[in-house]
Every structure is written in C-alpha cells, then in structure tokens.
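Engineer: Sequence:
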Amino acid sequence: MVWDTRIFRLFIVWYCIGIVLLSFDLLPPWLEWANAFFLMLAGTLGFLYFFRKFGKTTGGILGAVIFVFTFIVEGAGAGADFLFGSYDYTERFAPNLFGVPIAIGFAWLMVMATTHVLALSIFPEGGWRYAAAGGVGAVVMDLIIDPVAFHLKGYWIWEDTGLYYGIPWTNFTGWFVVAFVLHLLIDRLMKAKGDQWSFGIPEKRMVLLYILVTAMFVLLGLLGGLWLAAAASTLGAAAFVATARKRRPA
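Position 24 of the sequence shown, counting from 1, maps to 24 under UniProt numbering, and the rest follow consecutively.
None of these hints come from the bench; they were simulated from the model. Take the hints with a grain of salt, since some may be wrong.
[Stated by the list, open to error] Okay, derived cross-link-like pairs now, DSS-like style, lysine-lysine, Cα gap no bigger than 25 Å in a straight line: (1) K246 / K191; (2) K193 / K56; (3) K56 / K191; (4) K56 / K204; (5) K204 / K191; (6) K246 / K204; (7) K193 / K204.
Given the structure is predicted, the values throughout are model-derived calculations rather than measurements.
Kindly generate the complete structure, drawing on both the sequences and the hints.
Structural biologist: This is the structure:
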C-alpha cells in the first residue's frame, strides 16, 4: 500500500517543521490549525494500519467504529459529564462537529493503533492483559496530552478539578476504560481472523508514531513549564516501549 508510506512521509515532514516552529516560538496564531491537522495525520496513519492489518472491509469498519465510538463518548462527556468528568470544548480546536473537535476521533485512532502494537508486543497471546496494557499505554499519553491541551492550548475547559494540574481523576480512568474496551474489540477481531504475530514495517511505524506524538506533547509541556507532566509521560512512555521491546517475540 503506497498511501500509508506517502502519508507517513508527510507526517514526518510536518513533524520536523513543527518541532522547529515550536522550539523557537515561531508558530504564528494563524497557523494554530496545524495542531489539529497534525493529529489528523497521525490518526489517518492509525486508520491505515488497521486497514492493512485486518483488510479493507474489517480494517475499515474497525477504524470507523473507533472514530465514531470515541467521538460519541467524548461528546457525551462534554455534554452530559459522562465517564471523563465535566468539561467543555472551546472553538480553539476547530473544526467542531456537534460541539466536538473532529481531530478527537483521529487522535483516538492514533492512540488505539499505536498502543495496540505495543501492548501486543508485551502480551502476544492477547486477552484482557493485552487490553489492560493498551489502556495503560493510552493513559500514559494522556498524562501529557491533557495538561497541554487544557493549560497551554485551551482546547477544552475542565469544570471539575483534581490534584493533577486541575484535571479530575475520572478523566484518566475514562481514558483507560475506553481504550480497554476497544482493545478487547480488537482482540476479538484478531482471534476471529486467526491473525498471527508479526512485527514488520507497519508495526515499527506505529511504535515510532507513539514515541513521536508523545515527544511532541512533552516538548510543548516543557516549553510551557509543565515539568511534572512532561516527566511523568516521558518515564511512562519509556517504560511502556522498553517493556514491549523486551517482551516482543522473536
């Protein structure tokens, strides 16, 4: 498939440009849309991974289910304080659909694809332990994503509060629950199709994507003085990736 390679190359170019602009504080206000586009590119890579892994029909349906399910859950969270806590999206993460940024669905596609590969490396037999590992990997990413999006970017406003940068603990349990449930779905699909363990170029790209996206938000956190969040996510991601590499079957 040539599209995943082309989009991956575009993502790398976009990523490098973003690193330069952010590191030297050169990002103009009119280019704020680039942040949403960054997550859309990352999510598209996640969708294409599922497309390649499970085939056009199953992979396409899985990607659509992840996008729609997380979009609905996030909308319920913002509208009815469901699962994550009480919060509201702003217009700074537009375009929005029914009050929810479209980039949110793409972000979850990226989270699910990358944590799937890493969690499966740790527990190649699948099952609830694989799903739990994927949930933990997702929370590790959110340890930096949420403080950056809330405090530095103003993409959403928390009406609840908590000890961790004013973010309620229900947000992180919500991330775990959503990721855990979706990983169980992926596990069912793998077993139904009889998929065998593999770690080729598509999987390597997903591992790299997990590292790069986390690193980008860590950079933003460091530039914004979110030292604890940057340290927590860096250490968590490093442990997650290192464990996956150590336990990955030959």
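Engineer: Please go over all the hints and tell whether each is borne out by the structure.
Structural biologist: For each hint, the structure was consulted:
no. : hint        : result
1   : K246 / K191 : 24 Å, holds
2   : K193 / K56  : 13 Å, holds
3   : K56 / K191  : 17 Å, holds
4   : K56 / K204  : 21 Å, holds
5   : K204 / K191 : 22 Å, holds
6   : K246 / K204 : 15 Å, holds
7   : K193 / K204 : 22 Å, holds
Hint violations for this structure: none, all hints satisfied.
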